[in-house]
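Just so you know, the protein sequences line up as chains A, B, C, D, E and F, in that order.
Reminder that position 14 of the first sequence reads as 14 in the working numbering, one-by-one numbering, no gaps.
Numbers given in the working numbering equal positions in the second sequence, counted from 1, plus 103.
Numbers given in the working numbering equal positions in the third sequence, counted from 1, plus 206.
Numbers given in the working numbering equal positions in the fourth sequence, counted from 1, plus 309.
Numbers given in the working numbering equal positions in the fifth sequence, counted from 1, plus 634.
Numbers given in the working numbering equal positions in the sixth sequence, counted from 1, plus 959.
Please keep in mind that the hints were generated in silico from the structure rather than gathered at the bench.
Watch out, some of these pointers could steer you wrong.
Here are some chain F residues the structure puts well away from chain D; computed CB gaps all over 12 Å [claimed, not checked]:
id, residue
1, Asp961
2, Ala1047
3, Met1121
4, Asn1132
5, Leu1137
6, Ser1141
7, Gly1188
8, Thr1191
9, Pro1192
10, Leu1214
11, Ala1237
Computed cross-link-like contacts, EDC-like style, restricted to lysine to aspartate or glutamate with a CA-CA straight-line distance of at most 16 Å [stated by the list, open to error]:
id, chain 1, residue 1, chain 2, residue 2
12, B, Lys130, B, Asp197
13, C, Lys211, C, Glu307
14, A, Lys27, A, Asp73
15, A, Lys5, A, Asp70
16, C, Lys211, C, Asp283
17, A, Lys5, A, Asp94
18, C, Lys211, A, Asp94
19, B, Lys108, C, Asp300
20, A, Lys5, B, Asp197
Every residue, glycine too, gets a C-beta built ideally from N, C-alpha and C.
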Amino acid sequence: METHKAKRVAIIIEQVMQSRLTDAMSKAGVTGWSVLPVLGGSGRSGAWSREGQVTRGAGMVQVICVVRPDRIDALLDAAFSVVERHIGIVTIGDCEVLRAERF
Amino acid sequence: METHKAKRVAIIIEQVMQSRLTDAMSKAGVTGWSVLPVLGGSGRSGAWSREGQVTRGAGMVQVICVVRPDRIDALLDAAFSVVERHIGIVTIGDCEVLRAERF
Amino acid sequence: METHKAKRVAIIIEQVMQSRLTDAMSKAGVTGWSVLPVLGGSGRSGAWSREGQVTRGAGMVQVICVVRPDRIDALLDAAFSVVERHIGIVTIGDCEVLRAERF
Amino acid sequence: MDQILSLAATNLLSPIILSFALGVAAALARSDLNIPEAVAKGMSIYLLFAIGFKGGVSVADHGIDATLALSLVAGVVLSAVLPLIAFALLQVMGSLSRLDAAAVAAHYGSISIVTFVAATSVLSGSGIVSEGYMVAVAAAMEAPAILSALWLITRGGDSRRMDNDLLREIMLNGSIVLLVGSFFIGWITGVDGLAKIEAFIVSPFQGVLCLFLLDMGLVAGRGLRSSSGVLTPGVLAFGVVMPLVGATLGLATGLLLGVSTGGVALFMVLSASASYIAVPAAMRVALPEANPSIYLTLSLGVTFPFNLTLGIPIYVAVASALTGG
Amino acid sequence: MDQILSLAATNLLSPIILSFALGVAAALARSDLNIPEAVAKGMSIYLLFAIGFKGGVSVADHGIDATLALSLVAGVVLSAVLPLIAFALLQVMGSLSRLDAAAVAAHYGSISIVTFVAATSVLSGSGIVSEGYMVAVAAAMEAPAILSALWLITRGGDSRRMDNDLLREIMLNGSIVLLVGSFFIGWITGVDGLAKIEAFIVSPFQGVLCLFLLDMGLVAGRGLRSSSGVLTPGVLAFGVVMPLVGATLGLATGLLLGVSTGGVALFMVLSASASYIAVPAAMRVALPEANPSIYLTLSLGVTFPFNLTLGIPIYVAVASALTGG
Amino acid sequence: MDQILSLAATNLLSPIILSFALGVAAALARSDLNIPEAVAKGMSIYLLFAIGFKGGVSVADHGIDATLALSLVAGVVLSAVLPLIAFALLQVMGSLSRLDAAAVAAHYGSISIVTFVAATSVLSGSGIVSEGYMVAVAAAMEAPAILSALWLITRGGDSRRMDNDLLREIMLNGSIVLLVGSFFIGWITGVDGLAKIEAFIVSPFQGVLCLFLLDMGLVAGRGLRSSSGVLTPGVLAFGVVMPLVGATLGLATGLLLGVSTGGVALFMVLSASASYIAVPAAMRVALPEANPSIYLTLSLGVTFPFNLTLGIPIYVAVASALTGG
Ligand SMILES: Nc1ncnc2c1ncn2[C@@H]1O[C@H](COP(=O)(O)O)[C@@H](O)[C@H]1O
Ligand SMILES: Nc1ncnc2c1ncn2[C@@H]1O[C@H](COP(=O)(O)O)[C@@H](O)[C@H]1O
Ligand SMILES: Nc1ncnc2c1ncn2[C@@H]1O[C@H](COP(=O)(O)O)[C@@H](O)[C@H]1O
Ligand code: NA
Ligand code: NA
Ligand code: NA
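Using the sequences and the hints, build the whole thing.
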C-alpha cells in the first residue's frame, strides 16, 4: 500500500492553554489535529492526577498533529510561541501516512 | 536490554467505525491493539468536541497497533478497507519493542 | 527551530501496576512521564473494554515517557522489572524535542 | 389562539426551557461551561429508563388499549413515510445534495426522545392524560426512518449501504433497547414496582431534565456557533416547516386511531421531532459522505428549540381543540 | 418450600432483577447500550456510602449488640477459611491449574457488596430486621480471603507474592474504606444525621440500584459472550455449588452467634457471594498468571446471577425457618 | 463563646464535615478510594445550579431588597481589595516570591462556593435567614480579585499579563455563568418553578454535598501528602490568619449595609474563603511561573478545612452576636 512521509507532532500541554495552542496552529495554517486526554503525570513541577478534580486549572492534554514535512517549521513556531512560558513538552517523530492528499 | 524492530500504527477513526476496523484487523490476523479516547479535534470536516455529547454519531478514537514489520501490509490493507470511504487518518512509525515473542 | 534527539517510550500496562511502574521509574532517575487512558483493547489474553466497569482489576493505561537517549537503558530496565511477569507492551521510538534543557 | 399563547408563555418561562436557553446563551458567549460527556450520557440513560418505566406502569395500570397494536403500526408507517416527504420538501426548499437531503430526511422521520419527554411534562402540567404505551410508539418510530432514507439513496442507483451489522446496530441501538426494556419492566412490575423506585424516577425527573436541557443547550449553541454558515435560508426554513408538516400527519393519525387528547398531541410531537441520538450514528456509518454539520445543526439547533418553545404548545392546543379534550 | 417459591417469584419480578436481566439480554444481543465507566463508579460509590451510613445509624439507634465483636471475628474467620474449602472443591470439581484455582478461591472467600445490598432490600421488603453492623462484617470479610488464597500458593513452594504495598492496597482498598468510613459517620451522626441526608441515601436507593444492576447485567452479559468458552462444566457447577456450601457455613455461624433472622440470612449471603471489585485487582497484582476470564466470568457471570435470583430467596427462607423468624 | 463552641461541635459532627474528614484520612493513608473526575464535576454543576436557583427563588419570593445593588457593589470592592491586603500580609508573613504572593492573593480575594454552600446549610440548620441575593454577591466576587492580583504584578513593571481572551474566560467562567444563570431562572420561575424541581434541588442537596466534600477531602489530602513541603510556617499561618482578616472586613461590610444576620455571616464567609475552581485556571494562564502547589495547597488544604470546621461557626456566632440576630 502506498504511503507518504509525514511528521507526527505530539504536544503535551496544560488544558487551559489548549485553545490558545490550537488557535495559534490554525493561524499558522495547520488545520488538522486531535486532542487526547491525559490522566496524570509527573515532571519538574511535581506529580498530578485528574482524579476527583473540579478545578479548571489542573490537568494536561495531548495534542496530536500529523503534518507534511514542509509544514513542520510553521507548526513548531506556532507551538513554541504558546508553550514558551508554560509547562509542556513537544516531540516530533517521523511517520508514514496513508492518503496523503488529505493533509 | 534486547529490543526488536516493529511498526507502530495509529489509526484515528470515528467511534462508530471502531468495531468494523477491529473486526477487519482480526480477520487479517492482527490480534493485538489498544483503543485510546480522543476528546476533540479539527480537520477538513471542521472542529468537534466530546463535551456534553450524547449522540452516538460524534467522536473519534485512536486505535494503536504494534505489529511485526512483516504483518504491516496485511494490517494496512485491512485498515484501508474500512477508512477508505470514511474520515480518519492512519500513521505508521518505526519502533523497537521489548519481548517481541509476545506479538 | 532547534530540536534535540530523544526517545519516546510508550508502555501499555495494567492500571493496577501503574504506581509500581512509576515508582520504579522514579527510582531509576526518570522523573517525567504522562499517563493516558486506554478504553479497551485486545491481545493474547482476549478482548476487554472499560465500559461500565467498576472492578478495579480491569483496564490498562499508557504511560508515555520522553527521555534523553543516555537514560533509555535505565528506563527500560526499570520498566522491564515491572512488566516482566505482567501483561503489557513497551515500545521505544526516536523523536526530536523542543527545549531539551527541560529533561 | 389564546390557549396557545398562554400555554406558550407558561412553557417559555418554565425551568426546563430557561435551562436550555441558558445553555445556548453560555455557548454563544463562549463560556467554558460544560457538562462532562459521562454525566450527559448518565442523565440520558436516567431519562430513558424513567420514561420507559412509567409508560409501562401506566399500561399495567390502565390495561392494554385495543389501539395499542394499531398505534405501533401507525408509528412505524409514519416513521417510514415522513422521510419521503422530508426528502421531497428538501428538493423544493433546499439546495442540498441527494445524500445530504437523505441524511436529513432520516432524522425527521425518526424521533427525539427529549422532545417527547418535554411534551409529556407539559401535558401532565396541564392535567391532560395520554396513553402509557406512547413511549413504545416512540421506540417503534426510531428506526424505520433510517431504512427508508437509505432506500431513497440505493434506489437512486447508489451502491449497497446496508449490511446485517448495521441493521442490528439500528434495531438494537441503546436508546431503543433501554426504552423498550424499561417499558416492559414497568409493565411487569406495575404500580408496586413503581412504588419502590418512585423517589428515584418520578420526583427528581423534572430537575434532571433541567440539567439535561442545559447540556443540550450548550451543545446546540456550540453547534450553531461553529456551523451556522452551512445552512442556507431554505434549509433553515425546512427546520421549522417540516415539524409542522410532520405534526399535521401525526394529528391525522392520532384522530384516525381515536386515541386520547394527550395521545394525539404526542403523535404530533413524535412526528414533528427530529432524532439527534440514534440517527446521526447510523448516517456516519451508511452515508459517511453526507455532511454531519447540516443534519446535526438542523435537528439540534433549529428544530429541537422550535419544538421545545413553540411547537409543543401549538401541538397540545391543536390536539385539545380538535379532540374537545 | 412454598415460602421459597413465593419469595423467589416476588424477587424475580422485582425491578432490580428485571433490570439486571435487561442488561444481560442487551449485551447478549450485542446492543450498544452501555453505561459510562464514570457513571458506574459514581453509582457504586453512592451505594457503598448509603449502605455504610445506614448501617452505622442503625447501630447508633439500637446500641451495640454484645455479638458485634464476635460477628466481626467470625466474618474474618469465614473469609479466611472459605478459600481453603473453595480450593479443595475446585481440585475435585474442576480442571483448573493451582494458580487459577487459588485466584478463584480468593473471590469466593471475599464478598460481593451488591449481593449484600440486594439481600438487605429483600429483607426490608419482607419486614425482616437485621443487625446494622452486618455492613461492618461485610467490610471485614473483604480482605482476609486474599491473604488466605496467596498463602495457598506460597505454601505450594511458589515465590513470595505479597509485599507491603500490596498489603496496604488490599486493606485500604476504596470499597473497604468507604464502607467502614460511612459506617462510622452514620454511627457518629445517628438518626439526626440520617434525617439530613435521608432524601439522598434512602429514598432514591432502590432506583439507583436498578440502574447499577442494569450496568452489572451489561458487563456480565459481555463477559459471558466473550468468555463463555473458558469454563468447563465442572467449573460452571462450582459457581453454583460453592455459594450453597458458603451459605451453609454462614448459616452455622449465624446460628452459633445467635444473631437475628436477618443477621443469619446476611451471614449466608456474605459467605455465598463472590467478590468482583476488590479481589480481581489484587489477583492481577499478585497472581498475574491466573486467567482473569475464569474468575471474572465465574464470579460475575455465574455466581452473582445465581445468588441474585435464587440464592437470596433460599437463604432468607432457610434463615427464617431455622430461627423461627 | 459558648455559642461558638456548641455551633462548632454540632458542625464538626455533621455528616458533611465527617465526609470531608473521611476523604482527607483516606488520601493520607494512601487508600485508592477516588471519585471519577466526571462525577465530581457533575456534582459541582448540581450544587451550583441548586444554590443559584434557590437564591433566585428567594429573591422572587421576598422581593428585591433596596440593598441588593449596594451588596453587589460591595462584593466587587471586597474582591478587588482583599488581594491587596493578602499580598501585603504575605510580604510580612511569608517568604514567597512576588509572583507566588500575587497568585495566592488572587485566590483569597475570590471565593469558594462550597464554603458558601456549607455556610448556608449551617445557617438554615440554625434557623437563621439570609438574603437570597447573596448567591449573586458570591458570583460578583469571583472575578475582580484576579484582575486586582494581575494589576499588582504588572504595576511591578512586569510585561502585560492580560488579554481579551483571558478577560472573557475570567468573566464568563463556567461557575459564574451557571450561578448567575440559575439565579435568574430561579428568580423568573419563582416558587412555582421551585415546586417543580424541589425534589431534585432541595431534598437531596445535603447528601450530594456529603459526597462532594468526600471528594474534596480526597483531593485536599492528596495535595497535602505530595506538597506539604512547599509551605513554610509563615505561609501556613497566612492560611488561617487571612480568612480571619477577610471575615472582619466582610463583617464591617455587612454591618454597614445593614443586611440580615445571615447576610452578615455570608459576607464574612465569602470574604474569608479562597477560590480553588476559577482562580487556579486563570493563574495558570496569566502567571504560569507561579507555583500551583503553593496556592492550591494553601487554599484547598489549609483555608478550606479551617473555614469548614472552625471558621463558619465563628463567623455565624459573631454575626449573630453583633446583629442581635
Ligand atoms: N519526560 C516527559 N515525558 C512525558 N511527559 C512529561 C515529561 N515531562 C513532563 N511531562 C508531562 O508534563 C507535565 C509537566 O511537566 P513539568 O513542566 O516538567 O512539571 C508532567 O506532569 C507530565 O504530565
Ligand atoms: N493532521 C491531523 N492530525 C491529527 N489528527 C487529525 C488530522 N487531521 C484530521 N485529524 C482528526 O480526524 C478528524 C477528522 O478529520 P477530517 O476528516 O480531516 O475532518 C479531525 O477532527 C481530527 O480529530
Ligand atoms: N500489538 C499490540 N498493540 C497494541 N496494544 C496491544 C498489543 N498487544 C496487546 N496490547 C494491549 O495490551 C493488552 C494485553 O495484551 P495481552 O497481554 O496480549 O493480552 C491488550 O488488551 C491491549 O490493550
Ligand atoms: Na419525526
Ligand atoms: Na463469600
Ligand atoms: Na475571599
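How the hints compare with the structure:
Annotated as non-interface, Asp961(F) keeps its C-beta farther than 12 Å from every C-beta of chain D; the closest such distance is 40 Å. For Ala1047(F), the condition that its CB be more than 12 Å from all CB atoms of chain D holds, with the nearest at approximately 32 Å. For Met1121(F), the requirement that its beta carbon stay farther than 12 Å from each beta carbon of chain D is met, with the minimum near 17 Å. Its closest Cβ contact with chain D, about 6 Å, brings Asn1132(F) to no more than 12 Å, contrary to its assignment away from the interface.
At roughly 6 Å from the closest C-beta of chain D, the C-beta of Leu1137(F) falls inside 12 Å, breaking its exclusion from the interface. Look at Ser1141(F): its CB is around 7 Å from the nearest CB on chain D, not clear of 12 Å, so calling it non-interface is violated. A cut-off of 12 Å between C-beta atoms confirms that Gly1188(F) is not in contact with chain D; the least separation is 32 Å. Once the 12 Å rule is applied to beta carbons, Thr1191(F) is consistent with being away from chain D; the minimum gap is 34 Å.
The non-interface label for Pro1192(F) is consistent with chain D: the shortest C-beta to C-beta separation is roughly 37 Å, beyond 12 Å. With a cut of 12 Å on Cβ distances, Leu1214(F) stays outside the contact zone with chain D, its closest approach being about 35 Å. Not every Cβ of chain D is farther than 12 Å from the Cβ of Ala1237(F); the closest lies at roughly 10 Å, contradicting the non-interface assignment. Simply put, Lys130(B) and Asp197(B) have alpha-carbon atoms about 24 Å apart, too far for the 16 Å limit, and the pair is violated.
Under the criterion of a C-alpha separation no larger than 16 Å, the hint pairing Lys211(C) with Glu307(C) is consistent with the structure, at around 12 Å. At most 16 Å may separate the alpha-carbon atoms for a hinted pair to count; Lys27(A) and Asp73(A) meet this at roughly 13 Å. Our distance criterion of 16 Å between C-alpha atoms is met by Lys5(A) and Asp70(A), whose separation comes to about 11 Å. Between the alpha carbons of Lys211(C) and Asp283(C) the distance comes to roughly 21 Å, so the proposed pair goes past 16 Å and is violated.
For the hint pairing Lys5(A) with Asp94(A), the CA-to-CA distance comes to about 7 Å; that is within 16 Å, so the pair holds. Between Lys211(C) and Asp94(A) the CA atoms are separated by roughly 12 Å; this keeps the pair inside 16 Å, and the hint holds. Restraint check for Lys108(B) and Asp300(C): the C-alpha separation of about 12 Å stays at or below 16 Å, so the hint holds. With a CA separation close to 12 Å, the supplied pair Lys5(A) and Asp197(B) stays within the 16 Å bound.
In the structure shown, a violation is registered for the earlier hints numbered 4, 5, 6, 11, 12 and 16, in ascending order.
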